[in-house]
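**Q** Residue numbers (my numbering), protein chains in the order written: chain W, 63 to 227; chain E, 95 to 997.
Treat the hints as calculated values from the structure; they're not laboratory data. Note that the structure is a prediction, hence the values are computed from the model and not measured. For every residue, glycine included, the Cβ atom is placed at its ideal position computed from N, Cα and C. Don't take every hint at face value.
Unchecked claim - Cut-off 16 Å, straight-line C-alpha distance, at most; resulting in silico cross-link-like pairs (EDC-like, lysine to aspartate or glutamate): (1) E/K329 <-> W/D137; (2) E/K329 <-> W/E195; (3) E/K254 <-> W/E135; (4) E/K533 <-> E/D277; (5) E/K646 <-> E/D484; (6) E/K993 <-> E/D941; (7) E/K489 <-> E/E613.
Said to hold, decoys possible - To list a few chain E residues with every Cβ distance to chain W over 10 Å, as calculated: (8) I423; (9) A770; (10) E807; (11) T888; (12) A933; (13) T946; (14) M996.
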Amino acid sequence: MLKELVKGLGTTLRYMFKRPVTVQYPEVKRPVRERFRGRHELKRFANGQERCIGCALCAAACPADAILVVPAENDPANPHSPGERYAAVYEINMLRCIFCGYCEDACPTNAIVLEHQYELSFYDRRASIYTKEMLLVPPDKGHGDPPPILQQINRQPSPPAKIDL
Amino acid sequence: MSDVTLTIDGVQVTVPAGTNIVDAARQAGIAIPVFCYHPRLKPVGMCRMCLVEVGTPKVDPATRQPVLDANGQPVIAMMPKLQTACTTPVSPGMVVKTTTEQVKFAQRGILEFLLTSHPLDCPVCDKGGECPLQNLTMGWGPAVSRFDYNDKVHFEKPVKLGDLIYLDRERCILCGRCVRFQDEIADDPVLGFDHRGRNWMIISKSDPPFASKFSGNTTDICPVGALTSSDFRFKARVWELQSKPVVCTLCPVGCNLTFDMRHDRLMRVMPRENAAVNDIWICDKGRYGHRFIEAPERLTTPLVRRNGTLIPVSWDEALEVVADQLTIIRARHGGQALAGLAGAHLSNEDLYLFQKLLRELGSENIDTGIGGPSALSADVIGGLLAPGPDTDLSKLGAGTVVFVVGADPEEEAPLYMLRLRGIAQRGGKLVVAGLRPTKLDRSATQVVRYRPEGELAFAQGLLKAAIESGAKTALLEQVPGWNEMRRALSQAKLTDLAAACDLTESTLIQLAREFLSAEQSLIVYGWEARSAGSALTELLAALMLLSGKAGKANNGIIALLPGGNSRGAIEMGVRPDAGPGYALRKQRGLDANGIWSAAQSGQVRAIWLAGVDPAASVPAARAALEAAEFVVVQDLFLTASAELADVVLPATSVAEREGTYTNAERRVQRSRQACAPVGEARPDWQIVTAVAHALAMVPIGGGRHGPIPVKAEAWDYIVAGDVADEIAKTVPGYAGITYAALAATGSGGNWGRQFDDAIYYDGTSYTNSEGVGLVLPALAAKAALHLAFTGATTGFADDRPLLLLEQVLAYADQRHLRGSKLQSLVPAGCVALSNDDAAKLNIHSGDRVRLTSASGELVLPARVLADLPAGMVLLPAGLADVEAAAIETGPRTRVSLAKVVMG
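Use the sequences and the hints to build the structure in full.
**A** This is the structure:
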């Protein structure tokens, strides 16, 4: 009896000299792994244009039907994204989302990325629908240049073929 | 044609001689990938995707006998190089291999070649998801391109080919399907190739670009995303769409459509295959002219006029007002003080109930259309002598004679132009007779051009020649008025008749004999023929009866009437003189024009308008609506007539309701509901039912005209199908036309998105799994009971020199053009005149001219048409900026013309 008591208290005593495993959430937050799949973000290119071209492949890949994309045509003078098409509406229902990351896999422009934010709670079901404005990163947080395939607006035609006679 | 047996990939298949290998393989369930080949177009072998190994039995040159091997099997000599399966016809004993390494290598090579100049921007492209190039690349091609993107050929991204179609030349694989469709099927050869080598591209050769009424079909058959529709540009991805089967109500063809919906919104309109009606094509009016269903101006609640303004109220309130007012007016002035007009685009259910209620209330003043000087009486002939069941214009060819008299199918019923052209292409005889040239002339085997107002002489000449060549008149003997017609014919000489219409006697005799002796004889007439008065159509009916073939399959008269369900309106009894099924009424009511004058004189006190807007274009109607005590309008929009109404009830469009429609060939087709009604809008038949229920609830007696005879029990319809059942029971000829029967897909449906087919010819058309409709049993046997020859003409004494003809236009109706891309294609109002007349009067295109008739005058810009015969002027019908009613004295008007000199 006494032996067990000492053994148990010994464990307690031992841990008193170790660093604590728990953190004081929410004051302190544990860093997540690099590939953690949290809330989505819609990324931008370095020039500030949206990466999303409104192709809706993420919505097609989504097993939970959580994504709504309504595409529209870019105004060549003031394009939202490179290419002719952009997402006029982009919404994710976070209550439906199962954070599988298929949307990320499907995205041809790496526009949608599951990032590390995991604090998703709502008082209202409607609040679980994240709109494009909520998902988009700020314009100065872009990265990378649009690939040539997307430089569709104001496209310069190829020069005529040169034939060396 | 004899059959040929061949072996494809070890499978024996027997097909008719002349079939190409692609189609033969398809019958054996073997897919040969194609891009340029399309079963509705002639094969050209341009894309080289269908390369296969082909061998034929070796023949000993000495004996002309097949060489046999040791086992007694014929020795197969394989051709040294691969053959294009689409251009190679089958031959007996042929052996085809579609999956050998050599074939696979070639197909992979062709695909890689095609992709060297294709941008592969599938995520952006509207074709993505239903793209044959995507599918075939997945199935046959290399998964990666060895070509660097920057080395690919680049063009400026989409160029507009007209307002409806975008061309992306980077994506184009130059298969030429669009060019061939325009040349072979649409007869608008406006597309072509330009440049060569890497700069080879599709261009539009016309001005304005891509001027064709069928341009949208090229986006369906384009195997890549090169041609896309501006109407569907970046609206949605194709896999997100829900397809709803709808019938087009914009013209009497009744094309089968698919409404592609997303979130209850119309994304695009696509054809739905129906071999007997529209094949896999639709016209641009049907494809782009349905945006009105989502116009923001749609009525959403009932409106009732209180203190001079229309204010929104509930349905119950509005119905109470309608029922009270109708009851009061009926009690004071009798049932004949009520009148109703219904639109010819409403469904059979709407029209049937509309006339049923008005007739129960004791009114016979029922009509379709809006009246006005150019209004014509209901066309009975096109219904009584319509072709019988099993009619299928797509199968007619040699042995068929079609007379197109006074019609412009391209404008009045665009798909009929394709059908008629197809008959001529397959070897049939297409005789196009008319006062003026139309586009169908180009497809005709014989064009007959009679002089202005010579059409009666033409038809009389045909009839006389037919009788003289021995046709039996037995069927005609019972028709009232035949004796007068015969007397007139026997008095006239064929030479005189021929001279009166500017033709030779031998032409008339030849045409009449060909018509009588053909296996299938069809007559198609349109507005121009009807505007000559009923005498002309009666003569054509007599000719049809003389042939003895009226009412058999593929034999009869097809009348092109305005409105998608005008035939249905006549058969449902929405006309003043006859009830459902052509049953003549004892007492004849007032037609539209009669209603307008009776309303102004106070005989008609209440007017009910369902889906018509007469006030917009008929001044007499506006005056009548202002004079009437009570006007109720049910419509989609607050039209000019609705603004004059006391009660406005919101109705649903074709997309928001179910219904059946009867087309010009008397084919009944069912349209389904595609989306939820806008606001509180209700289908027209429900509105009529609700009014009937409200009437039954009105507590007061009817005064000296008796109590309201409407019983709520008799109006117990819950769904549209209940009304259809009643129509099937009560309307002669409609027995068996139930919703279940209409859902059969008998002849249609081997097209489009079926298993294993996407990799085939593809195109983006839809298989018809929702019913191809039924042709009603022919009435021709009983025609004599309902027909009567009156010999009425619209000609009259007026010495003004020119004949004014209304020209029906496809793109004119403001309702259907609302919110549509077609708006820019609506021509500006003008009056067209011939070169000779223009020269005589010193008028040039663009000059302002004054038209003067007995009833008024009108100033319009002139347009000189080189091919218009002298002596006539054309006035476009239905345009907002042409007040035709101001000068018209009837369906045809004599006018004089003078240049307006700017002061």
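**Q** Run every hint past the structure and note whether it holds.
**A** We went through each hint and held it up to the structure:
1. E/K329 <-> W/D137: holds (15 Å)
2. E/K329 <-> W/E195: Since the Cα atoms of E/K329 and W/E195 sit roughly 20 Å apart, the hinted pair is violated (cutoff 16 Å).
3. E/K254 <-> W/E135: holds (14 Å)
4. E/K533 <-> E/D277: holds (13 Å)
5. E/K646 <-> E/D484: holds (9 Å)
6. E/K993 <-> E/D941: holds (7 Å)
7. E/K489 <-> E/E613: It holds: about 13 Å lies between the C-alpha atoms, which stays within 16 Å.
8. I423: Its Cβ never comes within 10 Å of chain W, the nearest being 50 Å, so this holds.
9. A770: Its Cβ never comes within 10 Å of chain W, the nearest being 19 Å, so this holds.
10. E807: holds (46 Å)
11. T888: holds (51 Å)
12. A933: Holds: least Cβ distance 46 Å, greater than 10 Å.
13. T946: holds (50 Å)
14. M996: holds (41 Å)
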